[in-house]
Amino acid sequence: MGLLTNILLAPFLGPIYGTRWTLDKVDRVVREELTDDTPIKEDLMALQLQLEMGEIDDAEYVRREAEIMQRFREVREWREKFGMSTSGGPVRVAESDETE
Amino acid sequence: MTPGESAAERSEPIPADSTGEGKYVYCIIRLDRSREFGEIGIGGGARVYTVNHNDLAAVVSDTPIVIYDPTRENVLAHEFVNETVMREFTLIPMSFGTVFRSEKDVLALLKSTYQAFTDVLEKMQDKIEFGLKILWDRDKVVAAIERENDEIRRLKDEITRNAASSTYFARMQLGRLVEAAMEEASNRYVADVHEQLKDVSVASRSSKVIGDRMILNAAFLVDRQAEKKFDEKVKAISRQYEDLLNFKYTGPWPPYNFVTIKLKLEKAT
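These protein sequences, in sequence, are chains A and B.
Counting in numbering that gives the first Met the number 0, the first sequence runs from 0 upward without gaps.
Counting in numbering that gives the first Met the number 0, the second sequence runs from 0 upward without gaps.
These aren't lab readings, by the way, just hints derived from the structure by calculation.
Being a predicted model, the structure only gives us computed values, none of them experimental.
Hints may be right or wrong, so weigh each one.
Stated by the list, open to error - The calculated lysine-lysine pairs, modelled on DSSO-like cross-linking and capped at a C-alpha distance of 27 angstroms, are:
id : chain 1 : residue 1 : chain 2 : residue 2
1  : B       : 122       : B       : 207
2  : B       : 132       : A       : 40
3  : B       : 261       : A       : 80
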């Protein structure tokens, strides 16, 4: 009976454990990807360079800049959802801080 | 609600406090009286003026409480104010997009960070920054390497002569040699540029290169008195390498890459 249960359930238990572990990992990777604005900054700098080098015209720059700005907003939004710090928006001197 | 949608909403002004206006801060300077810099601020020519505390001043303009996207228009407005201020003052640039809710909050920043601002302003007195990006033309550099490197030239000739019979391994070998020689050349060029600029600059800082043609992305801190010498030197080096390298030289800038004061700021909600 015990043996039979194991045999019957084994194929199900296996993948479930496996999947859960993978999902945690995927979740973490996705979260990092959603909240990291480094690649967006790099894209913006690369775009700037292309304009400076005369590889794209002004209209193309403006179009692609709008896409990049949208990505910035999305990252900001996700960071807020995950309770992470965001740049932009009103700030004030942190109250805990005396001097530094 | 997708992030995109709500973010788009947020580019609209969020209601501010009773004054109805926040303060966008461009930079910190040393000045013990108030001062106007004209209608050159971010968001379409807002009036730029100072908020003073003792002998420190924050250069600000009024702004609705919004998040400023780093668009070219906004970034240029931020930089233009700093350039204008820089003609007369040594300044500590603030990060792009720094908005305080009120003058009181700006004063709190000046008070709480007074010593650090003062120290850094002292250190940065009459220092300016120049940006230097160097890009190479891959084909020309490869051609130069083939001229200079006997082994590569020989191998290449051999492969070209015996195109049909030349082995995959010979080609692989050539590719590897060229790659290594290019990396060596890149390091050599960069080292030479740094060496030549050492005497006319105070410090330098290299950032990550952008794209695959860039071999140097650096900022140099220069004494105002040495500006002309630095300028001439950069031009001389770019002439020296004009067949191989493309120099992108910008400035003078405020010392963006040489000032790092970690401000303890929090979201003002």
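Taking the hints in turn, this is what the structure says about them:
no. : hint          : in the structure
1   : B:122 x B:207 : holds, 26 angstroms
2   : B:132 x A:40  : holds, 17 angstroms
3   : B:261 x A:80  : holds, 25 angstroms
Comparing the model with each numbered hint stated earlier shows that all of them hold.
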